[in-house]
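Undergrad: From the two separate chains plus the hints, produce the assembled complex.
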Amino acid sequence: MSKLLFFFQEAFRALRRNGAPTLAAIVTTVVTVILLGVLIPIFQTTQAKSDEVRGELNIQASVFDDATKAELVDLREELLAIPNVASVQFITKNEALKELEESLGAEKANELTSALNSNPLPASFKITPDDAANLKAIEAAIEPTKEQFFSPIVSDVFDPTVSSEEIEEVTSALKIVLSVITALLVLASLMLVGNTIRLSIYTRRREVEVMRLVGATRWFIRWPFMIEGVVVGFAGGLIAILVLWIGKITIVDPLGDTFAFLAAQNNSTLNFPVLVGILFAASVLVSTIGSGLTLRRFLKV
Amino acid sequence: MARSRKRHEHEDQPRRPRARRAPIIELNDVTKVYPGGHMALDRVSLAIGRGEFVFLVGPTGCGKSTLIKMLIRELSATDGSVKIAGRDIGALSEKKIPQLRRNIGTVFQDFKLLPNRTVYDNVAYALQVIGASRAEIREQVPATLRLVGLSTKLHSYPDQLSGGEQQRVSVARAFVNHPPLLLADEPSGNLDPVTSIGIMQLLYRINKTGTTVVVVTHDREMVDNMRRRVVELYEGRVVRDEVSGGYTEESTTEFAMRMRAEMGVGAQDERQTNGHSHDHGLA
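Protein chains in written order, with my numbering: chain A, 1 to 301; chain B, 302 to 584.
No wet-lab data here; the hints were simulated from the structure. Please note: incorrect hints may appear among the correct ones.
[Unchecked claim] With a straight-line Cα cutoff of 25 Å, these simulated DSS-like cross-link-like pairs (lysine-lysine) come out:
1) A/Lys49 to A/Lys126
2) B/Lys370 to A/Lys300
3) A/Lys3 to B/Lys397
4) B/Lys397 to A/Lys300
5) A/Lys126 to A/Lys69
6) B/Lys413 to A/Lys300
7) B/Lys396 to A/Lys3
8) A/Lys300 to B/Lys396
9) B/Lys413 to A/Lys3
10) B/Lys397 to B/Lys413
11) A/Lys136 to A/Lys49
12) A/Lys136 to A/Lys126
[To be verified] Some chain B residues flagged as far from chain A (calculated, every beta-carbon gap over 12 Å):
13) Asp343
14) Gly406
15) Ile438
16) Asn491
17) Glu543
From the three backbone atoms N, C-alpha and C, an ideal C-beta is built for every residue, glycine too.
Extracted from the complex, chain B is given alone in its bound form (with noise of 0.2 Å):
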């Protein structure tokens, strides 16, 4: 009784409404220095904000990876704020950071699966682990293997799937409990052209249920077709954000759009690839 109270007083706070304006990322400045003295991240500044699409790129060891691991706290940052959701995490006890974990789904290049578990238990261990009732896993989990396509597999231990439905469990896990952001780091690193595709559609299905997404990725095809907002990173620093940019700079130009469309790809590609991902849209 007291408790629903108190969550009724806290809806009436006026600090709340602007809290959920706030970009979900948002970085200050934020300067990463290794303990050898590398400095991986040079003052990056930089809002996404919620239900955002957004593309990170930049060659190897340009600070990706390492942005990606301070938005878990895995990493913290050596000068500046990095704050999610309105809230600086940089300030955030050990104990609050789980709970900071449990709203950012993750997804990584060599999918992380527990290979002595069945796809429905690698699913379901997300839940499991934080605490989740049965029934909401029993509830949750067929939903989730359902929207990533992978209801026929649920028994089918990971060594079994192609790295496709490897990486799909994965992003299933990810999104199993529904977090407000989901970070993608290089999640069609290992995979084909075509199934990069379905992975990729994948994530854009989930963007489209309101969740932000963030991917760092290699892949310039992916990049320059579906024109989504690119962050570009050079030797730790912030060298290019468009809204809706290609893999380079040179392929936002008029001239490579033309060209790609000339040439059949690009433009013609991105109508396909959105069609496919509205067929099977969530709404």
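The following block holds chain A by itself, in its conformation from the complex (with noise of 0.2 Å):
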């Protein structure tokens, strides 16, 4: 016990002695885990956003409108019978007018079929693949071409979620920079961390040096410098989580209930007492490796 108290004496008169250095490395660090606590919640929603995307992912095989019950049951079986098919649902005419009404909006939907006086719509048969990656496989083993013709009865196969594509290309890349910007930072805070023992280290080379002589174990001479990054570490942690805590309840909050996207965090699995956890121990393991690489390589005792 009064061990325990000596270390954390030795760590905090060496903390206030290297004020600079000390403030720098605490710096950094609120400056990462800040940082991160705004990329986890980023990743986590784009990543939602994008696997709802890729539930969505279907192909529509639309058929001629003269195709007889028969041959619709017919071509159900077959299309489940592709492999790789979830499952597949079938769409009549008035149920995609149904679905244009909604997506148009009923005025101009109107207006479009009273222009034709008909409904202008194919019946179609909505395939879902088991797994996204699938649909390519599936789509070419539909569509009608000059070597193969699978259905008589179907006229056209069209992919409806080609964008789906285009949103995963811009926030893969988006997580790129976002995730080297981050490395980047917890390196930076790494470094600091270690630069502040290593300060520490020379600014008190003398008492190791007494304390060698006198007989401490080399874990008693470590644990005063141990227990300084480490308390670095928690300093950043606990800012950079309150200002996060304060820009979540002032910024992001509000704007919730106005954005789709910032509201479908709260959705998501992550919710803030976990990243609160996630985001201090991230801080205060860096701050441990960065203490501990910087004894292993300058304290030789």
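TA: See the structure below:
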């Protein structure tokens, strides 16, 4: 118990004496943790969005209006027999029109149909693959070409969600850039914590020398330095989390009512307490690693 | 329970008394070659018994400091064996080295005090870092500072003390856990002659408590006056080992001793020194 007190006394004494480098290390940790705290929810949200889009990916195979009921039943069976098809759903002409009305608005849809005097939309099968990656193969299997003729009643095959690929391209580019920045910042705070400890070892070389001479054990000499590093991580993490929390209640929460994108965060798997836990663990871990590595290199005892 | 029985068994072992009789320091053909190829010690053999007071003399670069560093396993011998209390310390694992150092007090020319701690804290520090209890610290530190004559300066900082007082703090720190062996590497190197006498007296008193004291010194007068065992090193070899010698061989001769007596130095001084230390003796 008195040992523990001694370790903490020594650590805080050293932190006070190396004010400037300690502050630099803390500030870097704060910036890193804040960035992580913003990035993790963004990653989560884009991932959730991208998954949502992926889940909606499907192919529609429209059929000729004169297809008989028996032909439709057969086609349904054949579609289900294609490898990697998860489900097949029949959409009638009326249902297709309703969907159009929903997406365009009733007025415009009416204009369209009244101009044509009939429902121009074909009935179709909505084919959902078990995995988005198999989409192309299924499409190729159904599409009528010169070489193959899947079914006489299929008029056309189309993929209504082409844009999903673009979404993914953009988000993955964003993710890579943000990941690189975060990695660099983590490295910077690792090195700054290390530098703080190194300076501390330098200013306390007299103490270390005396400790060695009177027979202090290796870890007895190391503990105060270790604690020093962890305190930096602890303080940095705490400040960053406080800033994030203030940011959340003053900026993100009010905006969440207006922007669905921000509101989506609340529905995703990661809630704020878990995020705080992760960030805190990360900041303490980084500082521990930083001081540990430095001790290994510069404190030969 | 099991622990105490174990210790008891250990005491019953016949090995123990033999180890007790073994010299506290025993060097056998110790050779130290530094990485550059410089040979600091050349087949040094030396035995120092328990309770002895030994001066280690010789010109700069003769290997005295190397020898001291070897005794605390700051350095390892290139060849030969260094035994402390019958144990070969060359074979000690890294983990056991702190335990060795706890049993050896060290005093250096530059005091090695911590400038931002008081006298009391400097001495207490030595006990804190070896995990002593608070009660132990409260008891030992004032007692030891009383022994070195600094009980009125407990709360002074090192820069408020004279050189002699600083060295006394350093001696107190080395002795606070009552090690059986005390090594002093030029303890009076930075001090004036009068102050040096005080430090040497202090070491002598510590020696009287049963602690073996080895003093590396360049202080000719001190060695000549105190008439203790002298080991002289020259270019890494022991060239002289006298039971009660002077700083140089000549100063041991009868002529030199009579000469000093005639001149009123030496023998007379020695009497004074001894008499003085007996007054403050610890017995």
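Undergrad: Take the hints in turn and mark each one as holding or not.
TA: Hints, one by one, checked against the model:
1. A/Lys49 to A/Lys126: holds (21 Å)
2. B/Lys370 to A/Lys300: Holds, at roughly 16 Å.
3. A/Lys3 to B/Lys397: Answer holds: A/Lys3 to B/Lys397 is near 20 Å, not above 25 Å.
4. B/Lys397 to A/Lys300: Holds - the C-alpha atoms of A/Lys300 and B/Lys397 are around 16 Å apart, at most 25 Å.
5. A/Lys126 to A/Lys69: OK: A/Lys126 and A/Lys69 at ~17 Å, within 25 Å.
6. B/Lys413 to A/Lys300: The hint holds at about 19 Å.
7. B/Lys396 to A/Lys3: Since the Cα atoms of B/Lys396 and A/Lys3 sit roughly 19 Å apart, the hinted pair holds (cutoff 25 Å).
8. A/Lys300 to B/Lys396: holds (13 Å)
9. B/Lys413 to A/Lys3: holds (23 Å)
10. B/Lys397 to B/Lys413: holds (23 Å)
11. A/Lys136 to A/Lys49: Given pair A/Lys136, A/Lys49 holds - Cα atoms ~21 Å apart, limit 25 Å.
12. A/Lys136 to A/Lys126: holds (15 Å)
13. Asp343: holds (27 Å)
14. Gly406: violated (8 Å)
15. Ile438: At roughly 9 Å from the nearest Cβ of chain A, B/Ile438 sits no farther out than 12 Å, so the non-interface label is violated.
16. Asn491: holds (17 Å)
17. Glu543: About 30 Å separates B/Glu543 from the closest Cβ of chain A, which puts it past 12 Å; holds.
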